[in-house]
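S.K.: Letter by letter, the chains look like this.
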Amino acid sequence: MDQRGTGFTRAILFCRQLDPNQDVNRRAIEREMGGSIRFFPLPCSGRVDPLYLMRALESGADKVYLITCPEGACRYREGNLRAKKRVAYTQGLIEEIGFARERLELIVPSAEKRVTIDELTRDILAREAAIGTSPVKGK
Amino acid sequence: MITAERKPISEIKEMIAPYRKILVVGCGSCVAECAAGGEKEVGLLSSALRMDAKASGKEIEIKEITLDRQCVYEFIDHLAEIISQYDAVLSLACGAGVQAVAEVFPKAPILPALNTTFLGETKEAGLWVENCRGCGDCKLGVFAAVCPVTRCAKGLFNGPCGGSKTDRCEVDPDVPCAWQLIVTRLEDMGQLDLLRKVHPPADWSKQQGKGPRKIIREDQRT
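Here the protein sequences come in this chain order: A and B.
Everything in the first sequence is counted per the numbering used here, starting at 1 for the first residue and increasing by one.
Everything in the second sequence is counted per the numbering used here, starting at 1 for the first residue and increasing by one.
Simulated from the structure, these hints should not be mistaken for lab results.
A couple of the hints might just be wrong.
Here are the computed lysine to any residue pairs in the SDA-like style, where the Cα-Cα straight-line distance is at most 25 Å [said to hold, decoys possible]:
| no. | chain 1 | residue 1 | chain 2 | residue 2 |
| --- | --- | --- | --- | --- |
| 1 | B | K40 | A | S59 |
| 2 | B | K7 | A | R101 |
| 3 | B | K54 | A | L51 |
| 4 | B | K40 | A | P70 |
| 5 | B | K54 | A | R38 |
| 6 | B | K7 | A | Y89 |
| 7 | A | K85 | B | W128 |
| 8 | A | K85 | B | G28 |
| 9 | B | K63 | A | G138 |
| 10 | B | K21 | A | G60 |
| 11 | B | K58 | A | F40 |
| 12 | B | K21 | A | Y52 |
| 13 | A | K85 | B | P8 |
| 14 | A | K84 | B | T122 |
| 15 | B | K54 | B | E14 |
| 16 | A | K84 | B | K63 |
| 17 | B | K54 | A | S59 |
| 18 | B | K40 | A | G7 |
| 19 | B | K54 | A | I97 |
| 20 | B | K40 | A | R82 |
| 21 | A | K85 | B | L127 |
| 22 | B | K58 | A | P41 |
| 23 | B | K7 | A | E58 |
| 24 | A | K84 | B | L127 |
| 25 | B | K123 | A | E78 |
| 26 | A | K137 | B | G57 |
Note that the structure is predicted; figures quoted are calculated from it, not measured.
Please model the complete structure; the sequences and the hints are all you need to start from.
M.R.: Spelled out as structure tokens, the structure:
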């Protein structure tokens, strides 16, 4: 579905080891989607801190995604496992203030087929967000 | 190290409800080490409170600051220039830090964001365990540096209770029997003879019953 102009904004933090051409591939999507999507490449998804996720939500992202390497494929061994725990921690924190935990989503691509960041993003965009705009934006 | 945990956000929200401008103050020492009150935790809590306020249409202004230590006046003084601009201070320090700040700024509401829990060590990443009760009468020298007051569920001074199973405490099987640790370490050090001495009950008056304890060192005073 074409989600341009819906006002729904996404922040996508991702492990840049996933896609050797991530710079070119993500910029193509950014051009297409304008300000409704922002990418934040990380050297490893284990570099993510709950604070990054909170600041993304606080800045008005309606939904924040963290894309890790496939399980067992982290070049730093357990970065993606740590990322999973940090997302879970942050989900608990936002639930405490009445935000749906679905505002944060962890995406772990399958190890069977190598995918690029633009393909992963198109998959995200093809799905219904299943969540409204962020309460941070006011009613 | 003093350990602490963040209070539930609902409790924090209730405390700060009467105030609009909040100074959120972290402490860069013990509570930073136990991931409860350092700079990151100040950021997380501030973000959460701002998001909550926006979502409920309330106006709130939060400034984040983290002192190296909240229990030492020289560091607390860093707040002197800004504290008057805020309605309240939300402190992410241990109870000692909260009270020290309150003492320096008698007219400012100083609210605790943490529950101070125990004196402990960082056992591994993300795991802190209690190993000192601050009893004021340390006997680690005779107990192979394993504190029976803290680490034995029954606080026994003269040998194990006999209830441990496969070196685990009968009160909590997740916890190693302190007396098993004491005996093993004394064996390893060839100092089992230390256990021949019978120890009288602890002198709890050094820990409690006389109000707040204090230490005075004249050579350190000005």
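S.K.: Give a verdict on every hint.
M.R.: Hint check:
Distance hint between K40/B and S59/A is fulfilled; the C-alpha atoms sit about 17 Å from each other, no more than 25 Å. Distance restraint check for K7/B and R101/A: the Cα-Cα separation of roughly 20 Å lies within the 25 Å cut-off, and the hinted pair is therefore satisfied. Simply put, K54/B and L51/A have alpha-carbon atoms about 18 Å apart, close enough for the 25 Å limit, and the pair holds. A distance of roughly 28 Å separates the Cα atoms of K40/B and P70/A; the hinted pair therefore is violated under the 25 Å criterion.
Distance restraint check for K54/B and R38/A: the Cα-Cα separation of roughly 22 Å lies within the 25 Å cut-off, and the hinted pair is therefore satisfied. Distance restraint check for K7/B and Y89/A: the Cα-Cα separation of roughly 15 Å lies within the 25 Å cut-off, and the hinted pair is therefore satisfied. Distance check on the hinted pair: K85/A and W128/B sit about 18 Å apart at the alpha-carbon level, within 25 Å; holds. Using a Cα cut-off of 25 Å, the hinted pair K85/A and G28/B holds, with the two alpha carbons roughly 24 Å apart.
For the hint linking K63/B to G138/A, the alpha-carbon distance of about 21 Å falls within 25 Å, and the restraint holds. A hinted pair counts as satisfied when its Cα atoms are at most 25 Å apart, and K21/B with G60/A qualifies at roughly 22 Å. Between the alpha carbons of K58/B and F40/A the distance comes to roughly 30 Å, so the proposed pair goes past 25 Å and is violated. With a C-alpha separation of about 24 Å, the suggested pairing of K21/B with Y52/A holds against the 25 Å cut-off.
For the suggested pair K85/A and P8/B, the alpha carbons sit about 20 Å apart, so the restraint of at most 25 Å is met. The suggested pairing of K84/A with T122/B holds, with an alpha-carbon distance near 22 Å, which does not exceed 25 Å. This hinted pair checks out: K54/B and E14/B have alpha carbons roughly 16 Å apart, not beyond 25 Å. Taken as a hint, the K84/A and K63/B pair is broken in the structure, with Cα atoms around 30 Å apart against an allowance of 25 Å.
For the suggested pair K54/B and S59/A, the alpha carbons sit about 11 Å apart, so the restraint of at most 25 Å is met. Only pairs whose Cα atoms come within 25 Å are accepted, and K40/B paired with G7/A is rejected, the gap being roughly 30 Å. Restraint check: the Cα-Cα separation between K54/B and I97/A comes to about 11 Å, which is no more than 25 Å; the hinted pair holds. Restraint check for K40/B and R82/A: the C-alpha separation of about 17 Å stays at or below 25 Å, so the hint holds.
Between K85/A and L127/B the CA atoms are separated by roughly 14 Å; this keeps the pair inside 25 Å, and the hint holds. Distance hint between K58/B and P41/A is unfulfilled; the C-alpha atoms sit about 34 Å from each other, more than 25 Å. Pair hint K7/B plus E58/A holds up; C-alpha atoms about 21 Å apart against a cutoff of 25 Å. For a cut-off of 25 Å, the pair hint linking K84/A to L127/B stands: about 18 Å separates their Cα positions.
Restraint check: the Cα-Cα separation between K123/B and E78/A comes to about 20 Å, which is no more than 25 Å; the hinted pair holds. With a C-alpha separation of about 10 Å, the suggested pair K137/A and G57/B falls inside the 25 Å cut-off, and the hint holds.
Violated hints, listed in ascending order, are 4, 11, 16, 18, 22; each of the other numbered hints is respected by the structure.
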